[in-house]
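Visitor: One letter stands for each residue in the lines below.
There are 2 protein chains.
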Amino acid sequence: MGSDSDKETRKKKEGAYEQLKPYLERAMALQASLILFEWDNETLAPEEAGKYTAKVQGTLSGIYQEIITGKAVKELLEECKKEQRLTEAEQAIVREASEELCKLEKIPPKEYRAYQELVAESARIWSRAKREEDFDAFAPTLKKIIFYQKKFAKYQAKDGQRLYDVMLNDYEKGFSIKKLDEFFGILKRELVPFLKKVMESPVKISDDILEGDYPKEKQRELAEFLAEYVGFDFKRGVMAESAHPFTTNLHNHDVRLTTHYKKRMDSSLFSVIHEAGHGIYEQNVDDELTQTLVGQGASMGMHESQSRFFENIIGRNEAFWVPVYKKLQELFPNELGAVRREDFVRAVNKVQPGLIRTEADELTYSLHVLVRYELEKMLIEEDLDVEKLPELWADKYEEYLGVRPKNPSEGVLQDIHWAQGSFGYFPSYALGSAFAAQMVRFMQKTMDFEALLRKGDVEIVRQILKRHIHRFGKLRDSRKLLQDMTGEDFNPQYYVEYLKEKYGKLYEVKI
Amino acid sequence: MGSDSDKETRKKKEGAYEQLKPYLERAMALQASLILFEWDNETLAPEEAGKYTAKVQGTLSGIYQEIITGKAVKELLEECKKEQRLTEAEQAIVREASEELCKLEKIPPKEYRAYQELVAESARIWSRAKREEDFDAFAPTLKKIIFYQKKFAKYQAKDGQRLYDVMLNDYEKGFSIKKLDEFFGILKRELVPFLKKVMESPVKISDDILEGDYPKEKQRELAEFLAEYVGFDFKRGVMAESAHPFTTNLHNHDVRLTTHYKKRMDSSLFSVIHEAGHGIYEQNVDDELTQTLVGQGASMGMHESQSRFFENIIGRNEAFWVPVYKKLQELFPNELGAVRREDFVRAVNKVQPGLIRTEADELTYSLHVLVRYELEKMLIEEDLDVEKLPELWADKYEEYLGVRPKNPSEGVLQDIHWAQGSFGYFPSYALGSAFAAQMVRFMQKTMDFEALLRKGDVEIVRQILKRHIHRFGKLRDSRKLLQDMTGEDFNPQYYVEYLKEKYGKLYEVKI
Chain A
1 MGSDSDKETR
11 KKKEGAYEQL
21 KPYLERAMAL
31 QASLILFEWD
41 NETLAPEEAG
51 KYTAKVQGTL
61 SGIYQEIITG
71 KAVKELLEEC
81 KKEQRLTEAE
91 QAIVREASEE
101 LCKLEKIPPK
111 EYRAYQELVA
121 ESARIWSRAK
131 REEDFDAFAP
141 TLKKIIFYQK
151 KFAKYQAKDG
161 QRLYDVMLND
171 YEKGFSIKKL
181 DEFFGILKRE
191 LVPFLKKVME
201 SPVKISDDIL
211 EGDYPKEKQR
221 ELAEFLAEYV
231 GFDFKRGVMA
241 ESAHPFTTNL
251 HNHDVRLTTH
261 YKKRMDSSLF
271 SVIHEAGHGI
281 YEQNVDDELT
291 QTLVGQGASM
301 GMHESQSRFF
311 ENIIGRNEAF
321 WVPVYKKLQE
331 LFPNELGAVR
341 REDFVRAVNK
351 VQPGLIRTEA
361 DELTYSLHVL
371 VRYELEKMLI
381 EEDLDVEKLP
391 ELWADKYEEY
401 LGVRPKNPSE
411 GVLQDIHWAQ
421 GSFGYFPSYA
431 LGSAFAAQMV
441 RFMQKTMDFE
451 ALLRKGDVEI
461 VRQILKRHIH
471 RFGKLRDSRK
481 LLQDMTGEDF
491 NPQYYVEYLK
501 EKYGKLYEVK
511 I
Chain B
1 MGSDSDKETR
11 KKKEGAYEQL
21 KPYLERAMAL
31 QASLILFEWD
41 NETLAPEEAG
51 KYTAKVQGTL
61 SGIYQEIITG
71 KAVKELLEEC
81 KKEQRLTEAE
91 QAIVREASEE
101 LCKLEKIPPK
111 EYRAYQELVA
121 ESARIWSRAK
131 REEDFDAFAP
141 TLKKIIFYQK
151 KFAKYQAKDG
161 QRLYDVMLND
171 YEKGFSIKKL
181 DEFFGILKRE
191 LVPFLKKVME
201 SPVKISDDIL
211 EGDYPKEKQR
221 ELAEFLAEYV
231 GFDFKRGVMA
241 ESAHPFTTNL
251 HNHDVRLTTH
261 YKKRMDSSLF
271 SVIHEAGHGI
281 YEQNVDDELT
291 QTLVGQGASM
301 GMHESQSRFF
311 ENIIGRNEAF
321 WVPVYKKLQE
331 LFPNELGAVR
341 REDFVRAVNK
351 VQPGLIRTEA
361 DELTYSLHVL
371 VRYELEKMLI
381 EEDLDVEKLP
391 ELWADKYEEY
401 LGVRPKNPSE
411 GVLQDIHWAQ
421 GSFGYFPSYA
431 LGSAFAAQMV
441 RFMQKTMDFE
451 ALLRKGDVEI
461 VRQILKRHIH
471 RFGKLRDSRK
481 LLQDMTGEDF
491 NPQYYVEYLK
501 EKYGKLYEVK
511 I
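Same order as they appear, the protein sequences are chains A and B. Our numbering applies: residue 1 is where the first sequence begins, and numbers increase by one. Our numbering applies: residue 1 is where the second sequence begins, and numbers increase by one.
Simulated from the structure, these hints should not be mistaken for laboratory data. Any given hint could turn out to be false.
All copies of an identical chain are treated as equivalent in the list; a pair is satisfied when it fits inside any one copy or across any two copies.
Here are the computed lysine to any residue pairs in the SDA-like style, where the Cα-Cα straight-line distance is at most 25 Å [said to hold, decoys possible]: (1) Lys21 / Ile67; (2) Lys55 / Arg471; (3) Lys235 / Gln116; (4) Lys158 / Leu384; (5) Lys71 / Ala137; (6) Lys197 / Lys502; (7) Lys235 / Leu44; (8) Lys218 / Lys262.
I would like the entire structure built from these sequences, with the hints used as guidance.
Guide: Written out as structure tokens, the structure is:
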């Protein structure tokens, strides 16, 4: 009896939050194991393991869901919300857990399972359809995914909320359709005509030097050098190969990048700096936040702002190459020994409207995203017929980029996102670039940004990003972080200015 | 109400075993995730991840323990034991689950978790101590591990059972201290004097050719070739590098080997055939058993019998090299082009008492194990002071093998096992070799074993092992499997005879 009442007293003393912690620790451990399985599937697992390992993953997700939606967690979360003395981190964790609970408990388990099975299968169907350039083979699956996505969004929607707004909120809080319409409206109005001028410019840039006999081993050496140079810590991270580059992490002391090696050497080079940007973000989340529900980057858009900051604003900056270019020449004496640094930097900044988003240059990139934003909004909000997608896609590419896909594989089938049920994800790619531009404009007010790069001082830049962004994890949303760092709310004008200034100069276009 | 009583009826109809299954599925999924974390730690995880990942591993073990020891599983297991119509596999699964429950429920969850975290971290402490040749840096951790090991064994011990017997039973059922004292007694009595004779033989074998400029890339090519040649299926498996070679698996469609590449080319060569032996065992467990509690190899000893069968009885057999040696000469024309096959085979069978178990030749190998058996028995049964280990270790090496370590890294710190809490594991290395000898003697009765190898028919040998051993997983214990295959109980004389015959001939020693 004594021990029972002791326990009771201790429980009361502990408070709801302390009691909640072990449940969340379990949920986080399961999440970490799911992340490791995904990583392993993408980088190493043997060909025939899939079916058996999927069963393991399904079971682990089930346990995760059960913990989050269990009676204990639900009650403790309610009590926590009433508690007065929680720290900012604790409050944020309670908020995230409540949102997760709210999302998971509203979906009937049977529907959730059916959807999970559909999505597990759809990546394969999409992949085959893409290989065979056959949109019709994917369309029925896409329809089903959209059906479930809308259904689930309906469960979440608060009175009158638009379904696409519900989806957007999953990836980027504070960016509704209204706000994104404004943002993409500016991009369309400003960048589409500007791109036309760039293409009509008499200045022509050749990037022939980037394609050639760049040995894979040397490319790998370069990749490791660059990742470390920009600040990725290999004592807390690793790099591997996969079909499509990505970054993932178990916690802030275990962050993992992948890359691929292609004939065009700039493909791996910039994908590595890009992924290192994601990785640096995760490595610099505060120790106190890692392994909690707020221990990851703030949002998809904020994550993308860091990867694109490193890739473009640092990596495609002429000043960046001043101390680094000789390393490239050492690694590839035959290919680059006789190439001037200026010509190399011009080559990696060549503007060339194309069909494939992941290969797009910095200027045209967000126009690829614009196409996707407009189309997924129509799919969710206007019940656009899936069959009409390829044609509409092609029309929009022609209008904004001046190119038209000849088959669906270089058009609507190119990205895996919709096959994974990720609707509302694409806008963050463009938002990230815009966040990054706002950040660099802020930095330039107080320091000579280019001079730092020229001296090889990427570290100072990284420290600033750490101080204002990285360390906070998911504690604050992207608009709050931007506001706190730059002193103003998100302002897309900086992005437009940044692009016009850089590419206006390069292509001698008046702006 | 209707649905509740429906559920009740269905439950009764389903039977206890069907109700038990989802719990065991969860336990197995957690086990698979723990295996993946271990694999990842050994092969890839970044240096500083340890502490954070250990927390995840500790939490997952905790969930595993909770599932196995939960009220539901306990009650269902009791019901299952009464059920009449279970298949052999179902009975075995119930037996394994009951043993696991029995083991885990006696350990207080807090202690279990503390122990898991201790062990997750101790590998790193051991590894640093080994690198720095500093036993004192590891001793406090080893003491803690032994403290927990004995404590846990005490929880399990049935009236009067000796603690080391409890531990031995975890790795090899049916092999108590009494039985192992007999076994190791025979080895000591027979092999220590035989080894002296071999060392005094006028026959001297040179293995200089094995050390040289063997390029790592070519060694890797050879490793993949040999693993596949002896029957490892790369569609259901992968190979990676790690400091110490090992094999693990998530299920029978995902089996993972590691190797290392050294200057001495036979190191990777035989470690790969050895690990492939483990891997082949796991790949050939029946599909119906994989992902259940009996879906792994029968025991540590039986596992080791397969790896050592492939490594020694197949791989160090002159007949094996008849079809394969030319491949080696192609890969290493400078090193082996002018070396006769006979001389190569003699070199890889050279007897050379040394300090390191994993580099030991076939004859001296079990004497390394003998040292460890005697010492861990003293640690557990006689409270041997950990501080005295290095000296005692050195004395025993001198007595049995005629060599004495100059520092603890080539002595007591060489193996990771104790750092992982694996007490009672070592004897299985010697047992495995002895099982393998008994198996080949059986095969030789009904077929021309060497003729098969000469023709390159390893596949036929593999099929026999699959039929008698692999497919059964943990359904039957090692003595039963040996009995069923060879027609008699374990008999260590076959091992002694095999070694004396092979090495007596090679070194022209009368036996």
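Visitor: Treating 25 Å as the Cα threshold, decide for Lys55 and Arg471: within, between, both or neither.
Guide: For Lys55 and Arg471, only the inter-copy Cα distance (21 Å) is at most 25 Å; the intra-copy one is 36 Å.
Visitor: With 25 Å as the alpha-carbon cut-off, assign the pair Lys158 and Leu384 to within, between, both or neither.
Guide: within (23 Å within a copy, 68 Å between copies)
Visitor: Evaluate Lys235 and Leu44 at a C-alpha cut-off of 25 Å and name the case that applies: within, between, both or neither.
Guide: both (21 Å within a copy, 11 Å between copies)
Visitor: For the identical chains here, do Lys197 and Lys502 meet the 25 Å Cα criterion within one copy, between copies, both, or neither?
Guide: within (14 Å within a copy, 83 Å between copies)
Visitor: With identical chains, the pair Lys218 and Lys262 could be close in the same copy or across copies; at 25 Å between alpha carbons, which is it: within, between, both, or neither?
Guide: both (12 Å within a copy, 24 Å between copies)
Visitor: When no copy is specified for Lys71 and Ala137, does a C-alpha distance of 25 Å or less occur within a copy, between copies, both, or neither?
Guide: Neither, since 42 Å and 46 Å both go past 25 Å.
Visitor: At most 25 Å between alpha carbons: which applies to Lys235 and Gln116, within, between, both or neither?
Guide: For Lys235 and Gln116, only the inter-copy Cα distance (24 Å) is at most 25 Å; the intra-copy one is 33 Å.
Visitor: Is it within, between, both, or neither for Lys21 and Ile67, if the alpha carbons may be no more than 25 Å apart?
Guide: both (12 Å within a copy, 19 Å between copies)
Violated hint: 5 only; the structure is consistent with all others.
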